[in-house]
Every structure is written in C-alpha cells, then in structure tokens.
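Line by line, the protein sequences are chains A, B and C. When we follow my numbering, the leftmost residue of the first sequence carries the number 1, and every step to the right adds one. When we follow my numbering, the leftmost residue of the second sequence carries the number 1, and every step to the right adds one. When we follow my numbering, the leftmost residue of the third sequence carries the number 1, and every step to the right adds one.
These are calculated hints, taken from the structure and not from any lab test. Glycine included, every Cβ here is placed at the ideal spot set by N, Cα and C. There's no promise every hint is true.
What the hints assert, rightly or not - Derived DEER-like restraints, expressed as beta-carbon distance ranges: (1) B:M1 to C:K38: 37 to 43 Å; (2) C:C266 to B:T110: 45 to 51 Å; (3) B:E124 to C:T239: 31 to 37 Å; (4) B:A71 to C:A103: 46 to 52 Å; (5) B:R83 to C:S55: 52 to 58 Å; (6) C:A227 to B:P106: 41 to 47 Å; (7) C:D109 to B:P116: 54 to 60 Å; (8) C:V212 to B:E80: 46 to 52 Å; (9) A:G51 to B:A71: 58 to 64 Å; (10) C:P110 to B:T110: 53 to 59 Å.
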Amino acid sequence: MVGNINIAVAVDVAAALSGGSPDDVVFLIDDGSLASEGKGTSRLITDCVPGQLVRWRSYAIDLQTPVSIKAVRFLNWLDRGGDQAVGRDDVASGGPDWYNDSLDWSGIVPWFMVPGLAYRYRLTLQMGTGPNALISFDTAALKRVG
Amino acid sequence: MRTITITVAVDVAGALAAATLTDNLYLFDDNRANGSINQGTSVLKTRVKEGDRLLWLPLPFEPEVFASIHAIELDARYCEPQRRTYPGSHVVYWEGVVKQDLEIAPYRVTFALGDPPGLLSSAENPSLIGDGDRPGGAPGRRETAGKAR
Amino acid sequence: MAQQITVYVLIDSVAAFEANRLEGNIYLMDNLRTEGSKNQGTGQLVTAINGTAWSNGTQANEPLLNWLVAGLSSLPVTLPRNYQLDRSRESERVALDAMRLDARALKSDPGAENVRDGLIRAAAALGVHPRFENEHGELERHALQLLDLRGEVVPEADLEADDIHQLPPIITDITGEAVDEGILYPAQYGTPVPINAGWYWSATASTQRPGVYSYTMHIKVYKLIFAGGQPIWQDKDMTYDSQIQVRSRQMVNGFTGGGTGLLPIC
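In isolation and in its complexed conformation, chain A is listed as follows (with noise of 0.2 Å):
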C-alpha cells in the first residue's frame, strides 16, 4: 500500500540570489515509500504509481528569506526539440512570494504515464522580488514504476 509523496524543495537562498546555480543552491529530496535517485540534489527523480498524490513544498535553508514556488510545469516528452512545458501559464512575475504561497503544488500520478519513463518537470522558485528573484531547474523529474 503506497502512500502520498511529499518532495521538499530546500533552497540555499543567500547563495541562490548570489547567483549560484541550481546544481548547487537546491536540495530535492522526497519521503515516497518508493525508492529515487538523485536525492537531495536538483537531479531527484521520484518513483511512483498512478493514483499517488504528489505534494511540493519549498523551505529556505537560511530561513530567514522567503521562498516560494512560483510553478511547476511539465516538460512536453515528444517534443524532440526540448523543453515546450505543458501546463498553466506562466503568470509575468511581479506578484510577491505571498501569492506563490496559497498554491498548493499537488496533484495525482495519472495512469497513463508510460512506465520507466522519466518525465521530467521544470520547477520555478521565487526569493523576494526583481530581476534575480527568480531561479528555474527541470533536472528532476517523476517516473512511473508500477
């Protein structure tokens, strides 16, 4: 009986508004019953099975600055060319981390996820506001097992 998955997000914010890169300013790990690889690096690739409710939820290390996740849009697979996301579109920045906190990022593995396929995911995280506020990564991604 597999349960939820929750995936923190953990940010080294001080480094990332530095301008570090997602390599080395965000940590991913996630609690699945299931096994992944990559863990707590911006490399995670979460097992699961349809029917699971996947949650993401951003922390900020140095937990004074807030950070949040501004969205979370899958990567369109068939298209060869690279990185066409799918999903809700992108709101133009400007609203504050506060708006980004009443999402919850969450939703349910669909049974039509081909297994063994790594579906990737770019994640856009917000700190504060203005032109470095915004840091995106799509290294991880969800891969159905079962």
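Start from chain A and add chains B and C according to the hints.
Here is chains B and C on its own, set in the frame of chain A:
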C-alpha cells in the same frame, strides 16, 4: 568635538534580488538632537562640525549572508573615511574626522554582498551637513535654517 | 511552512533616556517591504503578516515574528557572540601579565624607575566595571568593562569620553491588542545568534482574523551615569506601540486553480 555614529542598515536579500540598494538602504545617526534630518532614509543628512569623529556601523538584515561596507566616497577636503576592523572579529566599520566646517558634503556608500560578494552602490546619496563655510574655504552667505542648539 | 519575519528595532538610546520617551527616538524596519509592510525606517512601521488558509478555514502557513533590538550608540549587533566579554577579559589578561612582569622586575631592583612607571601606566590603562542596580535593588558589579565604539576597553581616566559603547536596549515583554486578541503569541527564547547575550523575543501569529492590530513593546533603555564619580548603568522602562496587518489568502491548487486533480503530464 563629538563622536557621531551613522548606522547603515541594508536589506541584503532585497538588494540581491533586485540588484540595487535603492529602497533597500536605511541610514540613521545618533545626532538628531543637534539637527540631523531624514532618519531612516537613503538620504540621511548628518549634522557635523569641524573635529567631529564619525563612525559608520553596518546593520545587515541577514546574519547568514556576507554583507560589508566596501567603500565610503566623500570629498577628501571634508573627511577621509578609513576602513577599520573590530579587533578580534571580521566586522568592518569606517571612521573619519570632519576636517573643516562645511555646508553640505554628499557621499556614496558601496556594499559588498553575497557569496561570492558583488558590489552595490547607493544611487541616492546621504550627506554631511553643517552651517559652515562654502566649498573652497571662502566664507559665504550663511543659511539660517536648522541652527544647531 | 514557516515564514520568518524579523522586526528590527533601532533606538537612539541616549536621546530616549534623556527625553524619557521612545517617540521620536525609535525606528522600525522589517524584511517584508516587498510583501506588503509599510513605513520602513520610521516609528510607524506596519508589519505585513500574510497568511494562507485551506478551504475548511484552517491555517496553512505558520508566520513567525522575531524582534531584534539595537542601539544607535552601541557596537554593531553583527559582532560575534560574547564579543564584549572576550574583549573585556583579553584586556584584563594583558594588563595583569604586564603588571606581573613589572612587579617581578621591581622586586629585584626596587629603584628601577622605568619599571615603576610601566606599572603605573599599566594600572592607568585598566578598564572599569560599572555597576548596575540588580533585581534586589542592590548595586552589583557589571560583568563587562566599559568598551568604546571601536571595541577597545576604556581606561579609567577616559570615562567622560563620548564614544563609549552604550548597553543596547532590550525588550522585556510584548503585550497589547494583538496579544489580547489571540493574534500574536509571544515568548522569550534562547538562540545561538549573537544578540542580547543570546535571548530574543519571538511570536507565532494566527492569521484567521484579518485586520490591523497594535502591539506594545516593553523596552528597557540604559545610559551610563556617574554617581559619586562612579560609573553606573542606569535603566528606564518605557513602552512603544507598533502594528501588524494580518491578511489571508485561500489556498488553491497550483495546477488547476481549483481543487486537486491529475498532474498535468502531457
């Protein structure tokens, strides 16, 4: 001949996210009683007289991120702030003596912020003010506003 | 998820002490200017407490407020924990070592004037421990020697200097409307962060009743005074009111804009 502290507060995360000190810098001094104005703004005007010793002390909002006063640029005729470090620590402060009475001397503050540190300078400038001589040394018409008590 | 809010309370402690009030001598800032806080750098700060709630009304996030008090005529709060104590002890250690050497030299050559002068100089450079009134109303020796704003111990001869590090003000309690209404739940905590000898005030916030609420900070302000030529830290208790603005947004699903659905995978 007084010692006057000028506290330079900076919203480090705000400045790094917006890549500017504008709206992220707040200056205060402990000389309001003698005529300093604009406390809590980036355009603080600190009232000074010849011989006053000025200390610029940092107050970064974030204890976890590197933030230090990198430079204070001010007309050397009036004051030449020197970089100092508190003995037994890495905390930097700046110190200078007011060399002559002045009317107004704006200055620019530059912070080093972040890991690795980048430099950001104030766009609007705080100033030293007084009711002293005009620049160049020649006595001129004195402003009557804001006499020191 | 926890949202950390820090309110910075800057006080011109010398002016406040002499004026017997904090009004006009206190300035407030927080780290939420871009999240809705107003009047940064003034005495009229309104701190934004931005809450989120699930559709059943329960609170989703946990805003946490911290207060950091600093004095304008005090050493920076970013100095390491116990900095003043370390400087105080270091200066006493150096002085004692020097005096011990001088005393030994005098023993073997009682007439050595340069050694005698050295001893007198070392004694003159010794710092001073002011006294303060403790909770029993008795004068007690303060653990710290007087330091100046450059981190140096102040010699006994220079006690009248105007660049002495003033003991920073401290918050002793937080009360008022926001506490009475069950919006703020304050408590005093210990912390490894180097401020107020490791103690600071913190509060959790309930965001289920939006609105503007005031709260009262109880602040103890210190000033160095001289009584009979002896330096004493005198304190005065004062209060100052600030405000919070509580708002709340309903949680909605990030993918659907409504309730939870299938992940939007191709």
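Here is what the structure says about each hint:
1. For M1 (chain B) paired with K38 (chain C), a C-beta distance near 39 Å keeps the hint of 37 to 43 Å intact.
2. In this structure, C266 (chain C) and T110 (chain B) meet the distance hint of 45 to 51 Å, their C-beta atoms being roughly 50 Å apart.
3. For the pair E124 (chain B) and T239 (chain C), the beta carbons lie near 34 Å from each other, so the given range of 31 to 37 Å is met.
4. The given range of 46 to 52 Å is respected by A71 (chain B) and A103 (chain C), whose C-beta atoms sit roughly 47 Å from each other.
5. Between R83 (chain B) and S55 (chain C) the Cβ separation comes to about 56 Å, which falls inside the hinted range of 52 to 58 Å.
6. A227 (chain C) and P106 (chain B) have their C-beta atoms about 43 Å apart, which keeps the hinted 41 to 47 Å range intact.
7. Hint check: D109 (chain C) to P116 (chain B), Cβ distance near 58 Å, so the stated range 54 to 60 Å holds.
8. For the pair V212 (chain C) and E80 (chain B), the supplied restraint of 46 to 52 Å holds, since their beta-carbon distance comes to about 47 Å.
9. Between G51 (chain A) and A71 (chain B) the Cβ separation comes to about 60 Å, which falls inside the hinted range of 58 to 64 Å.
10. Remark: the range hint 53 to 59 Å for P110 (chain C) to T110 (chain B) is upheld by a beta-carbon distance near 58 Å.
No hint from the list above goes unmet by this structure.
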